[in-house]
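Take a look at the letters that make up each chain.
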Amino acid sequence: ETGVTQTPRHLVMGMTNKKSLKCEQHLGHNAMYWYKQSAKKPLELMFVYNFKEQTENNSVPSRFSPECPNSSHLFLHLHTLQPEDSALYLCASSRDRDNEQFFGPGTRLTVL
Amino acid sequence: GQQLNQSPQSMFIQEGEDVSMNCTSSSIFNTWLWYKQDPGEGPVLLIALYKAGELTSNGRLTAQFGITRKDSFLNISASIPSDVGIYFCAGQLGGSSNTGKLIFGQGTTLQVKP
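Going down the list, the protein sequences come from chains A and B.
Residue 1 is where the first sequence starts when you use this note's numbering, and the numbers rise one by one after that.
Residue 113 is where the second sequence starts when you use this note's numbering, and the numbers rise one by one after that.
It is possible that some hints are incorrect.
Stated by the list, open to error - Taking lysine-lysine and the BS3-like style, the derived pairs with C-alpha atoms no more than 30 Å apart in a straight line are:
#1 A:K52 to A:K36
#2 A:K22 to B:K163
#3 B:K213 to A:K52
#4 A:K41 to B:K182
#5 B:K163 to A:K18
#6 B:K163 to A:K36
Hints are computed from structural coordinates only; laboratory data are not their basis.
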């Protein structure tokens, strides 16, 4: 099942770099999500987009900047990250916010 | 905030054994989901539950939505080596409270000895 794709799969960046994560869903869904998964911690919701509009920002630092140009694409722009931001970043989508969410394979981010 | 308590944290079982794991919450959820995650991959949806008391099967997997809407369990029968992975429960609020936010449990790591 490759309904939700993410690129890159792995990313190493310095604290002064600017990079972007990309997510694309081929399921015709209207809602998209960014999650952070750190070792030994439950998945944490970061952002929710519904019909391209951001509906939830779960107190995420401004060094993470999401962008949703259309219902099929979601980006996470990264700037001046910290080593503690190293984690697996997962994108998900759902038909609507009431429906089950389907996840992409994630981007393994390492901040040096 | 809402929290989900998932147990056990880890299990090491013999191939062919049955497995049971559960999640409890202090909040009432309208939806319970169970996911499995393999190393280096995203979670894959196993079962979705939408009604209190609902019992749903997917092959050797069976999950139930608790009557109180505050708990759910997942059973795996006759485990096989490919069942190895981390299993997560997730709850979702409904109605006007539903922003799409899923609350995840801490995960149950399952290891199966051939």
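Requested in this report: Would you mind confirming whether the straight-line C-alpha gap from B:K213 to A:K52 stays at or under 30 Å?
Outcome: Given that 30 Å is the threshold and the Cα spacing comes to 16 Å, the pair holds.
Query raised in the report: Is the hinted pair A:K41 and B:K182 satisfied, with a Cα-Cα distance of at most 30 Å?
Result: 21 Å, holds
Query raised in the report: Is the hinted pair A:K52 and A:K36 satisfied, with a Cα-Cα distance of at most 30 Å?
Result: 20 Å, holds
Report task. Could you grab the alpha-carbon distance between B:K163 and A:K36 and see if it respects the 30 Å cut-off? Result -> Roughly 28 Å separates the two Cα atoms, so the pair holds.
Query raised in the report: Holds or violated: B:K163 with A:K18, Cα cutoff 30 Å?
Result: Not satisfied, since the Cα-Cα distance of roughly 45 Å exceeds 30 Å.
**Report entry** Hinted pair A:K22 and B:K163, Cα distance within 30 Å
**Finding:** 35 Å, violated
In this structure, the earlier hints numbered 2, 5 are contradicted, and the remaining ones agree with it.
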